[in-house]
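J.: Chains as they are written, first to last, in full-length UniProt numbering: chain C, 1 to 291; chain H, 1 to 291; chain U, 1 to 291; chain D, 1 to 291.
No lab work stands behind these hints, which were simulated from the structure alone.
Any given hint could turn out to be false.
Any copy will do: because identical chains look the same in the list, a pair fits if it lies in one copy or spans two.
Dumping the calculated DSSO-like pairs for lysine-lysine here, alpha-carbon to alpha-carbon at most 30 Å [as the list claims (entries may be wrong)]: (1) 221 to 102; (2) 63 to 221; (3) 290 to 131; (4) 17 to 63; (5) 63 to 102; (6) 131 to 17.
Number of protein chains: 4
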Amino acid sequence: MQIGMIGLGRMGGNMAKRLVAGGHQVVGYDMSPESGRDVDSLEALVAALDAPRVVWVMVPAGKPTDDTITRLGELLEAGDMIVDGGNTRYVDDARHAEELGKLGIRFMDCGVSGGVWGIDRGYALMVGGSKEDFEFMRPIYETLKPNDDYGLVLAGPVGGGHFAKMVHNGIEYGMMQAFGEGFATMVRSELVDDPAAVMTSWKSGSVVGSWLLDLLANAFKDDPTLESMPPVANESGEAKWMIEAALELGVPTPATAAALYARQTSRGGGDDTLRVVSTMRAQFGGHVTKA
Amino acid sequence: MQIGMIGLGRMGGNMAKRLVAGGHQVVGYDMSPESGRDVDSLEALVAALDAPRVVWVMVPAGKPTDDTITRLGELLEAGDMIVDGGNTRYVDDARHAEELGKLGIRFMDCGVSGGVWGIDRGYALMVGGSKEDFEFMRPIYETLKPNDDYGLVLAGPVGGGHFAKMVHNGIEYGMMQAFGEGFATMVRSELVDDPAAVMTSWKSGSVVGSWLLDLLANAFKDDPTLESMPPVANESGEAKWMIEAALELGVPTPATAAALYARQTSRGGGDDTLRVVSTMRAQFGGHVTKA
Amino acid sequence: MQIGMIGLGRMGGNMAKRLVAGGHQVVGYDMSPESGRDVDSLEALVAALDAPRVVWVMVPAGKPTDDTITRLGELLEAGDMIVDGGNTRYVDDARHAEELGKLGIRFMDCGVSGGVWGIDRGYALMVGGSKEDFEFMRPIYETLKPNDDYGLVLAGPVGGGHFAKMVHNGIEYGMMQAFGEGFATMVRSELVDDPAAVMTSWKSGSVVGSWLLDLLANAFKDDPTLESMPPVANESGEAKWMIEAALELGVPTPATAAALYARQTSRGGGDDTLRVVSTMRAQFGGHVTKA
Amino acid sequence: MQIGMIGLGRMGGNMAKRLVAGGHQVVGYDMSPESGRDVDSLEALVAALDAPRVVWVMVPAGKPTDDTITRLGELLEAGDMIVDGGNTRYVDDARHAEELGKLGIRFMDCGVSGGVWGIDRGYALMVGGSKEDFEFMRPIYETLKPNDDYGLVLAGPVGGGHFAKMVHNGIEYGMMQAFGEGFATMVRSELVDDPAAVMTSWKSGSVVGSWLLDLLANAFKDDPTLESMPPVANESGEAKWMIEAALELGVPTPATAAALYARQTSRGGGDDTLRVVSTMRAQFGGHVTKA
């Protein structure tokens with residue numbers, strides 16, 4: 001199948017390679033001249049594809065994706081298909097689909113998991129859109145997904161793919177926080193000599209066996225105390241969106257929130273809260289708080 | 001009534017003054033010669049009191065209190081009374097009462113709230129022990145408590161006073177954290193010009209009106225942004241004990257835990273957790289985390 | 001000053017009375033004929049007021065407020081003033097202000113705290129809008145607010161009043177949850193005989209002294225175990241909005257979230273989470289979970 | 001190697017079978033005559049073993065384990081070895097080791113993960129004790145563990161095995177809660193047609209791939225909505241102990257706590273908290289709360 005890939009970074013670039021290896025014809029475009037792109041503009045990309053054109057958008061969520069989809073709406077024709085494979089917030093999908101729908105352009109959203117390992121391991125794909133569009137795109141999805149019975153699902157209508165991916169990443173936050181809390185507890189205890197060795201041993205036979213644990217065990221080989229890593233973590237947006245979606249649905253997500261809050265706190269988000277706490281303590285108890 | 005006061009620090013010293021002002025005869029002892037103590041040893045304190053002696057222990061919780069009570073057990077006689085007014089963990093009270101009981105020495109635990117304001121405002125007292133002992137000590141309690149219908153309660157048997165005070169302080173943690181989260185949220189919003197002015201306005205008419213808010217408003221006069229306070233907070237132990245007690249009782253205390261965790265995090269307690277999180281992110285997504 | 005009050009329920013009705021008692025001329029309207037309304041339609045309300053008209057909207061947040069403001073935009077004239085005193089989400093204020101601004105109609109948002117007690121105690125008012133409009137409305141605000149130096153603040157530009165009120169209510173959630181956790185912990189402990197008596201004693205001298213505690217002590221007089229109250233709580237929306245706003249600002253609000261989650265959980269929001277947990281336990285450990 | 005196995009339930013019985021299959025001689029004892037036990041008393045068990053005897057205790061944590069170890073202390077001789085493989089709280093291990101040590105009896109603690117699948121998959125073992133004792137017991141451990149490079153670790157001195165297992169289970173709680181929150185969020189969203197199908201698809205290629213997810217996918221085959229499972233979950237003790245240990249070490253464990261609190265709440269632990277919340281709401285706002 002022929003497909004245009006927009007965005008040839010860590011994700012898009014590897015996905016393009018996996019598609020080529022799977023026998024598809026990929027025309028790649030990226031803003032950066034160093035990206036190994038096949039064409040140097042969106043116009044050239046569109047011109048290089050046969051109708052009905054299939055374009056996969058794999059650029060950062062938010063304005064970059066918005067701008068790309070808007071511009072594609074101007075360049076593509078009725079009957080063409082855009083798949084947004086980025087980490088777009090699900091609420092944007094309906095808007096994109098509606099705008100493109102007026103032009104007769106088809107739209108699907110596809111959450112993609114797999115990270116830097118996906119090129120070999122395959123990507124887990126969560127798709128939103130119609131069954132008809134899903135079948136149309138199936139050859140692409142089948143090549144990107146892992147070579148077994150899992151890793152691909154039509155989650156629901158437009159927006160459902162990114163919603164499912166958002167939830168997936170929220171779960172990922174919670175799992176990582178859980179492992180982190182366990183490691184941190186063992187580090188401070190005199191009863192555990194080598195927390196990294198303990199966690200590595202869980203790779204087999206244990207209830208917590210998981211790909212994340214395998215990755216952590218990999219990292220422990222080089223740095224069993226993790227001291228080379230700063231004690232901070234960035235957020236990617238998706239746990240935040242999941243918590244907000246769940247709030248509106250009336251679903252409590254305390255573990256997911258704990259995971260996100262730990263990251264926001266590590267970036268200073270709670271500083272003013274603590275200033276208030278220590279100010280009150282000083283006021284009622286004369287407690288002096290030193291930095 | 002005659003009473004020996006052991007510990008003449010911020011709390012004990014002020015309580016002694018309030019008792020004297022209330023017509024009681026107080027013999028004060030403190031380890032520090034600069035404390036304004038009346039006697040320079042526990043032996044001298046005991047010698048200065050008439051039987052049945054009443055001794056109020058107001059020293060730091062843990063070993064200092066343990067040591068003091070043990071030594072008093074050696075010095076006092078059957079029929080004498082010890083009140084532990086410090087922030088002792090409630091589980092220690094039964095042990096103290098049992099050891100002293102073997103010697104015929106009576107024991108009560110008394111949680112004391114009020115901070116540096118108690119000397120004028122009166123202290124909120126939560127007492128654990130028998131009704132008979134409570135009545136015996138009532139003249140002291142009545143002087144220490146505020147001059148209205150509240151501020152004194154026989155919470156339960158020995159241990160109940162410190163248990164109630166522990167819960168009281170746990171609630172205090174939660175309240176302070178709630179105010180802190182609200183302030184921090186307003187600080188970052190462009191819609192609120194002066195968070196300190198907003199919070200100060202809540203002193204009247206508002207549902208969140210409270211003594212803690214009044215104290216915070218005091219502090220805002222000097223530093224409306226609280227920037228002079230470092231973004232950290234110490235813990236005093238009591239919220240931790242409450243959370244543990246509640247865990248054993250099967251009672252979830254998520255807001256209290258959130259408050260304590262915020263303080264522990266500000267002291268680096270979550271650092272290793274975040275190292276794990278960012279290590280995993282680097283492993284699966286190639287994400288680089290900068291300090 | 002002359003003012004039209006739309007919505008004569010628990011809040012609006014009492015505020016109208018306080019305004020009348022303060023010497024203002026109030027024309028009241030409510031959808032319900034039993035409300036004691038002065039006029040029976042918005043048209044009649046507008047007709048009864050002299051230009052520049054001042055109208056206070058005190059109806060439920062969301063569609064009722066939206067519809068009322070839209071209709072008022074059609075009925076009022078340039079130079080008139082609308083104050084939205086309801087619990088509107090702050091994000092709606094900018095939209096309302098913009099729409100009305102095109103018509104030359106002025107707009108302020110005013111968060112109102114005080115509940116059923118406000119008629120006597122005065123209402124805490126948090127206002128969003130321009131300084132000029134604030135001064136124009138000052139006579140009304142001064143009458144509604146408590147009779148002391150607090151309870152009124154111009155929080156910021158349009159939206160700031162509701163933002164501040166939202167944060168205020170989020171804090172209120174956290175405080176209530178903190179008291180609840182403390183009570184629940186004492187109820188299950190054998191060391192506390194009468195949790196209601198303990199909490200009532202905190203009314204004086206204690207660090208947790210607050211209006212909320214006073215109200216709780218009132219309720220304890222009739223039902224010291226609170227067994228007449230079902231173990232559930234509804235949410236009003238504002239804590240949810242605050243948590244979402246804070247998430248976007250990067251400010252962790254774990255205690256506020258704990259408070260909201262407790263309420264959502266009491267309404268079944270976490271049921272499916274627990275089904276997953278117990279399903280996994282059954283799968284790996286053969287654990288049987290009974291309802 | 002010859003070994004006595006005390007407790008032939010779901011865990012001990014399967015472990016005995018795996019040991020026999022591995023060529024060891026196992027003498028099994030259980031209180032229940034229907035257990036397939038080899039001997040009908042602890043005395044008979046001890047008599048059936050050659051010195052130095054090796055006994056594996058696999059009975060419920062707490063009093064059953066305490067009583068068994070005490071009785072074994074009376075029956076065994078200097079040089080014999082006891083391994084506690086149950087879910088004993090780590091703080092008990094030092095006590096057991098000390099008591100047995102006075103008698104010259106050796107002691108190790110061994111946390112065992114693997115559930116009902118361990119008989120085939122092997123058990124993850126976390127051991128506490130001396131290196132010498134670990135080597136002595138190695139033949140048993142090597143048979144019980146999975147047939148690869150992982151699943152066995154000498155975590156630290158006595159107590160370290162159960163400490164590591166406690167942390168392991170705490171992590172397990174957090175992971176399960178994370179999956180549960182994700183499922184619950186998708187169930188309520190109109191954008192996801194079949195949450196079970198989405199989660200099952202994550203078995204390959206996804207960052208959340210894990211043994212727990214595989215088990216959940218198994219269960220989804222029979223009940224994709226999980227409606228056959230009641231919306232409650234029991235606690236096993238170990239997350240509670242981990243949270244308490246972490247509190248004392250100054251390590252915040254908010255995700256682990258969220259997981260445990262969700263279970264305690266499902267068993268009514270938060271009921272009194274909500275009574276307080278709704279009582280306050282009724283007091284200040286006249287809000288009526290219906291069950």
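J.: Is the C-alpha distance from residue 17 to residue 63 at most 30 Å within one copy, between copies, in both cases, or in neither?
T.: For residue 17 and residue 63, the Cα distance is within 30 Å only inside one copy (26 Å; across copies 51 Å).
J.: Evaluate residue 63 and residue 221 at a C-alpha cut-off of 30 Å and name the case that applies: within, between, both or neither.
T.: Neither, since 39 Å and 41 Å both go past 30 Å.
J.: Measure nothing new, just compare the shortest in-copy and cross-copy C-alpha distances for residue 131 and residue 17 to 30 Å and report within, between, both or neither.
T.: within (26 Å within a copy, 50 Å between copies)
J.: When no copy is specified for residue 221 and residue 102, does a C-alpha distance of 30 Å or less occur within a copy, between copies, both, or neither?
T.: Neither way: residue 221 and residue 102 sit 54 Å apart in one copy and 40 Å across, limit 30 Å.
J.: I want to check one pair: residue 63 and residue 102. Are their C-alpha atoms no more than 30 Å apart within a copy, between two copies, both, or neither?
T.: both (21 Å within a copy, 29 Å between copies)
J.: Are the CA atoms of residue 290 and residue 131 at most 30 Å apart within a copy, between copies, both, or neither?
T.: neither (61 Å within a copy, 40 Å between copies)
Comparing the model with each numbered hint stated earlier shows that hints 1, 2, 3 do not hold.
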